[in-house]
Structures are given as structure tokens and as C-alpha cells.
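Trainee: Residue numbers (the working numbering), protein chains in the order written: chain A, 1 to 252; chain B, 1 to 576.
Among the hints, erroneous ones may be present.
As the list claims (entries may be wrong) - Covered stretches of chain A (chain B as the covering partner; in silico rule of three or more C-beta atoms under 8 angstroms from a C-beta of chain B):
#, stretch
1, 24-34
2, 129-143
3, 156-163
4, 229-237
By construction, these hints were calculated from the structure, which means they are not laboratory data.
A virtual CB, placed ideally from N, CA and C, is assigned to each residue, including glycine.
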Amino acid sequence: MLALLLTLASILPGADVQASYRELDRAAVEAYRRQDFHGARMSWERCLADPELQRARAEKGRILYDLGNVAYREQKLFEAVGWYTAALRERPRDADTWHNLEQARSDAHLEPADRGDLPSSLARLATCLTLEESRALALFAALGWALFLAGEACFGGRSWAWLARLATLGLCVCLVPWLVQGSRADANELLVVSSTPLELRSEPRDDAARVLELQPGTRVSYRDELPDWIKVEDPGERTGWARRETLFALRR
Amino acid sequence: MRTLLSICSCLLLLSAASAQNSVQVNARLSSGIVKLGSPAALVLEVEGAEEVKLSEPPTVEGLRIGRPGNPSVQWYSNLINGRRSSGKTITWSFPITAERKGEFKIPPLELTADGKLCRSNEVWLRVVEDLQGEQLGRFEIRAPSTVIEGQPFTVELLFGWDTRADVNHANLSLPWYGELGGVVELDPPVPEPGSKRIDGVMINKDGKFLAEALPNAKVEQQGEFTQLRIRRRFLASRAGKLEFATSHLEFGRVAEGFFVQREARLYYKRFPDFAIDVIALPEAGRPLDFSGAVGALHASARADRTDVDVGDSIKLNVEWTGEGNLEFFTPPELDRLDAFEGFRVFGKTERKTAERRTLTYDLAPTSDKPKQIPPVPLTVFDPKQNAYVTISTQPVPIRVRPLKHSTTLSDEGAGAAGVLDIQDIQTEPATASAPFAPGSAVVGSVLALCACGWLAGRTLVRRNGDPASPRLRARRRARRTLGRELARASKASEQAEALHRFLAARTGERSEAWVGRDFEAWRAARPESERPSAEAARALAQLESEFDAHIWAGTDALLERARVLAVADQLLKGGL
Chain A
1 MLALLLTLAS
11 ILPGADVQAS
21 YRELDRAAVE
31 AYRRQDFHGA
41 RMSWERCLAD
51 PELQRARAEK
61 GRILYDLGNV
71 AYREQKLFEA
81 VGWYTAALRE
91 RPRDADTWHN
101 LEQARSDAHL
111 EPADRGDLPS
121 SLARLATCLT
131 LEESRALALF
141 AALGWALFLA
151 GEACFGGRSW
161 AWLARLATLG
171 LCVCLVPWLV
181 QGSRADANEL
191 LVVSSTPLEL
201 RSEPRDDAAR
211 VLELQPGTRV
221 SYRDELPDWI
231 KVEDPGERTG
241 WARRETLFAL
251 RR
Chain B
1 MRTLLSICSC
11 LLLLSAASAQ
21 NSVQVNARLS
31 SGIVKLGSPA
41 ALVLEVEGAE
51 EVKLSEPPTV
61 EGLRIGRPGN
71 PSVQWYSNLI
81 NGRRSSGKTI
91 TWSFPITAER
101 KGEFKIPPLE
111 LTADGKLCRS
121 NEVWLRVVED
131 LQGEQLGRFE
141 IRAPSTVIEG
151 QPFTVELLFG
161 WDTRADVNHA
171 NLSLPWYGEL
181 GGVVELDPPV
191 PEPGSKRIDG
201 VMINKDGKFL
211 AEALPNAKVE
221 QQGEFTQLRI
231 RRRFLASRAG
241 KLEFATSHLE
251 FGRVAEGFFV
261 QREARLYYKR
271 FPDFAIDVIA
281 LPEAGRPLDF
291 SGAVGALHAS
301 ARADRTDVDV
311 GDSIKLNVEW
321 TGEGNLEFFT
331 PPELDRLDAF
341 EGFRVFGKTE
351 RKTAERRTLT
361 YDLAPTSDKP
371 KQIPPVPLTV
381 FDPKQNAYVT
391 ISTQPVPIRV
401 RPLKHSTTLS
411 DEGAGAAGVL
421 DIQDIQTEPA
431 TASAPFAPGS
441 AVVGSVLALC
451 ACGWLAGRTL
461 VRRNGDPASP
471 RLRARRRARR
481 TLGRELARAS
491 KASEQAEALH
501 RFLAARTGER
511 SEAWVGRDFE
521 AWRAARPESE
531 RPSAEAARAL
541 AQLESEFDAH
551 IWAGTDALLE
561 RARVLAVADQ
571 LLKGGL
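Can you build the whole structure from these sequences, using the hints too?
Mentor: Right, dumping it as C-alpha cells:
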């Protein structure tokens with residue numbers, strides 16, 4: 001019945017705007033359970049367009065995670081990696097998302113997202129908070145810092161000076177997640193999801209010169225777009241055009 | 001004497017040359033008649049030329065004429081009929097070794113002197129056999145007639161002389177030694193244990209070699225001969241023919257002069273030339289894993305421990321011995337062998353000598369399944385069988401115990417989840433309320449405010465001095481210190497002293513200044529902002545008079561502590 005309603009809703013102009021994302025979510029779950037992955041994907045993708053969902057970070061992360069599961073079940077491993085990566089931007093500490101991301105990366109023969117070495121661990125620590133959480137942490141750290149600074153200003157002495165220095169150091173550490181997440185919030189990153197190495201063209205034409213080859217799973221930055229083409233920049237700051245379907249936007 | 005004659009002849013030649021003022025080339029032999037095996041030299045002298053370029057030495061069958069060393073140069077000056085002239089003579093010496101007896105004509109040597117082609121005169125050399133040396137000496141070279149490319153071989157030099165001969169000098173003249181192409185000389189074989197060694201035998205008059213003394217050999221109708229042996233090992237690195245030119249044993253007595261050797265009597269024993277055929281390794285049937293080992297080798301293996309837990313390190317010692325190029329083959333890599341799938345190989349160390357090659361592999365069983373360390377194979381070309389063979393070590397039985405209370409990855413995968421899969425979809429809407437999320441501007445403002453506030457507060461506070469200075473710290477602690485001292489005081493005089501210290505700490509004056517002070521006058525002198533109330537000053541004066549009464553009345557009884565503290569608080573409140 002719900003599916004019928006959804007079908008009608010999709011036919012009627014403007015009806016999808018009225019449909020709450022919660023109803024779409026329920027329909028997607030039902031479709032998923034029926035192994036109608038295409039239907040589930042359509043519903044959850046429409047959920048993402050809901051302004052209410054865009055404001056609820058945790059809910060958005062859940063929908064992205066579910067879309068990752070859909071892509072995984074459809075054997076679109078690179079796309080699943082993309083969905084899970086996008087979900088982690090919304091819920092960076094969600095254990096299920098991390099598990100599924102590593103599973104999908106492993107199946108796609110990609111390096112683990114968290115290699116477990118020191119740089120990976122530090123990167124994960126710096127991104128374990130959302131932007132809002134990291135701002136709150138920065139604020140609380142600033143208040144604590146203010147207390148120690150006040151003590152140092154009023155009472156002076158070596159002990160207060162050291163406490164103030166330690167508080168400054170602590171504040172710097174607490175500011176790192178905010179700075180990292182702040183810098184990432186503006187970055188419009190895309191993931192190469194083609195199953196074969198992606199060839200970047202000098203112009204948005206299939207017969208244009210091949211300027212670069214990117215491995216699947218590589219992150220690139222958005223620069224420009226045309227209806228079927230996206231211009232991207234690789235980590236080496238080289239740019240080129242690629243077909244839209246070979247890239248996955250991580251900012252959703 | 002010979003040197004003197006050379007110089008004289010040079011001077012004569014020089015005078016003639018200067019007279020003619022042209023290039024003169026002269027060739028002569030160090031000796032016109034030589035014994036077979038004894039050294040000779042062709043001396044070439046060029047006079048009156050500044051720059052000389054020699055051509056290749058001539059080829060004479062039965063003679064080996066070597067390349068000359070650096071030339072010797074002599075300068076001279078003549079005064080003839082009052083006319084002075086000068087020039088130089090350049091002399092080269094070409095070593096000659098005779099390979100057979102006979103008379104040999106050495107053709108003119110060609111050279112270019114100051115751009116002009118010149119020729120020397122031809123000379124004749126007569127080589128005679130040393131019959132006495134042939135009878136008195138024994139010399140034999142034992143070597144295989146064929147070897148395989150890459151196979152080491154030993155050249156055995158057996159020599160000796162009649163025990164009745166007076167011999168204190170022995171030299172092996174081996175023109176091929178050090179000159180063989182495609183051959184690498186290896187470490188010599190170790191002498192047989194217990195054999196007597198004789199030092200001082202020379203090869204090509206260069207260096208002293210150690211010879212093994214073998215038991216004397218008795219030859220019928222000839223007598224008894226000493227027997228010495230020198231062995232050298234070589235490795236043929238490429239296929240072809242190794243030519244060993246005629247060799248000689250030079251022996252006899254040499255009288256040692258003060259500076260140079262003075263010949264007394266030398267004999268020569270000849271050994272004819274011979275060759276060794278180096279055969280290329282056959283391509284047919286060569287295995288892909290051929291190690292490069294050639295020879296008759298044997299392999300053995302032993303492990304340092306045979307009862308281990310999973311993951312424990314085992315040192316597997318593999319040793320190859322036998323006649324072969326033990327130092328040169330590539331040992332097998334165990335981690336590339338299928339038989340060693342149940343083991344993890346961490347590395348290897350190796351030792352090589354001419355007699356044995358030893359490799360110690362560090363390996364560990366990855367499960368409790370292996371029951372033995374598999375044989376270690378090595379593909380070798382065996383010259384005796386003329387075929388590639390695989391020699392293997394014997395397997396080493398081991399017992400591998402599983403680790404207690406442990407699970408392996410496969411156990412985890414099979415027991416708990418079957419196969420690895422993703423987590424299911426999440427259907428429950430997130431109930432977490434929106435986190436407290438201050439804006440970036442708020443956080444930035446707070447940070448800026450904190451920094452500015454700290455700077456301002458610090459500047460303000462330090463206007464009255466450093467708050468961490470002893471005076472200000474005592475001032476801050478004064479009230480607390482007063483309370484403690486009053487609690488400890490047992491007499492009114494102690495209470496009075498405590499109060500004076502409090503007043504001193506708060507005002508920065510000395511505590512003695514407060515004894516018998518006019519408090520009204522003090523109050524009037526204070527700045528308006530720090531002036532205590534008149535009531536507080538009066539209470540302080542009253543308290544002081546009571547202290548005086550108690551102290552000077554002789555009882556020194558305590559005043560009520562709370563009252564003293566109340567007066568102190570009143571003063572603090574008033575701005576003290």
C-alpha cells in the first residue's frame with residue numbers, strides 16, 4: 001500500500017516535496033528487505049533531498065550508511081565506499097559505518113581507511129568529531145583556558161604560568177578537530193568509483209587527449225562541471241575532465 | 001761489472017751518435033746462449049731521440065717475448081774539440097722465455113723515434129737443454145684434462161730434486177700463472193694435517209709460497225728425490241681451452257750477496273705445455289631453478305629444536321659439502337618453495353669456505369600441521385654423471401604444539417560469523433538531540449576575548465607590582481596567617497605580635513611600627529581609597545590598649561580570638 005502511495009507520489013508533480021523523508025525511509029527499508037535494492041536506493045536518495053534531513057546530521061548519516069549497504073548489495077563496491085565515506089563525515093564515530101567501510105574497501109582491494117599506523121590514528125582522532133562537536137569542544141576548551149589565564153593574570157607566579165602554558169597547549173589540541181573539520185567542510189571532494197583506472201581528459205570530450213590516469217578509490221577535488229562531465233583536480237594539482245558517472249560526490 | 005760495461009758501451013754509442021747527430025737503435029741479448037728454462041732478455045737502446053714509440057714485440061716460434069717494463073733513461077754530455085753536445089739514451093728490456101731448445105733468430109724490432117720509423121738489428125739466441133738439471137730435478141703438473149664451466153679445479157705442482165744436490169733456492173717459472181683468461185683463482189686447498197711445510201718457494205720469482213713437503217721418492221738407478229707440492233685452485237668461468245705454456249723448475253744454490261743475489265749454480269727442469277678443455281654447461285635439460293652449483297655435492301640439515309609451539313623460531317642449519325663451486329651457487333629460497341607453505345621464513349645467514357657452504361634459515365611453523373621440516377632441494381650439475389641432479393637434505397621430523405587459549409583468524413571467521421559481511425542497514429531514526437553547536441564566530445570571539453582579557457587583566461594587576469612578589473603574596477595570605485597564629489597563641493603578647501604582623505603584611509610596613517602607634521593619625525594619613533573607617537581605627541586602638549593591659553598587668557591572659565579577627569575583618573573591609 002505504502003509502495004503504491006509512493007508510486008503515486010512520484011507521479012504527481014510536487015508530491016515528493018510533501019512526502020516526509022520518514023515515510024520515504026520506511027518505504028526504502030521495506031524495499032531493501034524485499035531485496036528491491038533499486039527501489040530502496042531511489043527512496044533513500046529522495047530522502048536526502050529533504051531539508052529536514054539536511055539539518056539532522058545523525059539521521060543523514062544513517063541514510064547515507066543505508067545507501068552504502070544498497071550499493072554494496074548491488075556489488076557496486078567503489079560506490080559503497082563513497083557512501084560510507086560520506087556517512088562518516090556526518091557520524092564519524094559510528095562503528096557500523098567504519099566496519100562496512102573497511103569491508104567494502106577490502107572487497108574492492110583498496111587500502112584500509114584506517115591502516116592502524118600513527119598517521120592514520122592521528123587522522124582518525126582529528127576527525128572523530130563532527131564540525132559542531134569540534135566547535136563545542138573548542139568553546140569549552142577556551143573557557144577552561146580563560147580560567148587559567150585569569151589565575152595567571154591575577155596571581156602570577158611560576159605555577160600559574162605553567163598551568164596557563166599547559167592550558168594553552170590543551171586548547172591547541174582541542175582546536176585541531178575544529179580546524180580539520182572546518183577545512184574539510186568547504187572541500188568538495190569526489191571519489192573515483194570506476195572499476196578500471198579513470199582516464200582524465202584535457203577537454204570534456206571522449207576523444208580529447210588523456211592527461212592523467214587515476215586509480216579507483218582516489219579522492220579528487222571538484223573544479224567545474226558540464227552536464228555529463230566534471231572537471232577535477234588530483235592531489236598533485238593536475239586537472240582534467242571525467243565522465244560524471246565515474247565520480248562520486250562525498251559532499252551530500 | 002755488467003752494469004759498468006753497459007755504461008761504457010752506452011758512452012761509446014753516445015759519442016758516436018753525437019758525432020753523427022742522428023737516431024741510433026741497437027738491440028742485443030743479455031746472453032747469447034741460455035739454458036732451457038733460464039731467463040733471458042732482449043735489450044733495446046735508442047739514442048738521440050726525444051720521443052720513442054715501440055711497436056709490438058716480434059713473434060718467434062719457440063720463444064715467448066714479453067712486453068718491456070718502464071724504460072731507463074740516461075742523459076749524457078760530450079765536449080769534443082771545444083764543442084759541447086748533449087743527448088739521452090732510452091733502454092728497454094724485453095723478457096724472453098724459451099719453450100724448446102734450438103737456435104732462434106729474433107727479427108729487428110720496429111719503433112718510431114721522433115716521428116721517424118726505425119729498425120733495430122736482428123739478434124740470434126741459442127737455447128740449450130740443461131741435461132744435468134733434467135737428471136737432478138723432478139717437476140710435474142697435475143691437472144684435469146677437462147672441466148665444466150663453473151667447476152673449480154685444482155692444479156697440483158709436484159717438484160723436487162736429488163737429495164744429493166746442493167739446493168737452497170727453488171723457483172717455479174710458470175708463464176701461465178696469473179695470465180689465464182676466464183679463470184678465477186680461489187683460496188688454495190687446506191694442506192693435509194700433519195704435513196711438513198716449507199716456506200720460501202717462489203713462483204715466477206715473485207713472492208714466497210708455502211709448499212708441502214711430501215715423503216722423499218726413491219727412483220731406481222737415479223737415487224732419492226725430495227718431493228714438494230704446491231696446490232692452487234681455480235674456477236673456469238667460461239667455456240674454451242686453457243693453455244698452460246711450458247713450465248720450468250729452477251733450483252740450485254744461490255749465494256746471497258750484500259745487496260743482490262749472486263748466482264752460484266742453477267739447474268732447470270722442464271715440464272711441457274698442456275691444456276685443459278673447459279666445457280660449457282649443457283643447455284638441454286637445464287632446470288629453471290638451476291642454482292649454478294657444479295660439482296659432486298652432498299647436503300645435510302639439522303634443526304636447533306624439534307619440539308616447538310606454533311610461531312616458535314626454528315634455526316634450520318643446511319650444509320653443502322663436496323668438490324664443487326660451493327662459494328658461488330645461489331642457495332634456495334625456502335619461502336618460494338611450495339613444500340614450506342606451512343612455515344614462515346624470516347631470513348637466513350650464511351658462511352662459505354672452500355670446503356663447505358652453510359646456511360642457517362630462521363623459520364617458524366604457522367600452524368600445528370607440519371610434522372617435519374621438508375627437504376631442502378638444490379639443483380646441481382654433476383660432471384661425473386654429466387647431468388643435472390637435485391640433491392636434497394633429509395627431512396627433519398618436528399612436533400608443533402598449538403598455542404593454548406588462542407584463536408587463529410580462520411577460527412574467528414569460521415566460528416563466529418561464518419564469512420565476513422557488512423553490518424545490516426540501520427532502520428531506527430536517530431534519537432540523539434542536536435548537539436550544543438556554537439557558531440564559529442562565537443568560538444572565535446571567545447578565544448579573542450580570552451586573549452585580550454588576559455592581556456588587560458595582567459597589565460592592570462601588575463600596575464601595583466608583581467602579584468607573585470613576596471610582599472603581595474604575604475598581603476594576600478595575611479588574614480589566613482592571622483587566623484592560624486591566633487589559634488596557636490597561648491599569651492596575649494603572642495596575639496599582639498600576630499596582629500602586628502597582619503597589619504604589617506597588609507600595609508607593607510614593619511611589624512615593630514605598629515607597637516604603640518597612634519591609629520587615628522595613621523588613619524588620617526592614609527589615602528582616601530584605602531582609609532579604614534574611624535570606627536575600625538577606634539576598635540583597633542581599643543584592642544591594642546587591652547593587649548597592653550593584659551601584657552603589662554602581668555597576667556598576659558589571652559583575649560578572645562574572635563574579637564581580634566573581627567577587628568581585622570573590619571579593617572580589611574575598610575580598605576586596609
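Trainee: Take the hints in turn and mark each one as holding or not.
Mentor: Against the structure, the hints:
no.: 1; hint: 24-34; result: holds (count 3)
no.: 2; hint: 129-143; result: holds (count 9)
no.: 3; hint: 156-163; result: holds (count 4)
no.: 4; hint: 229-237; result: violated (count 0)
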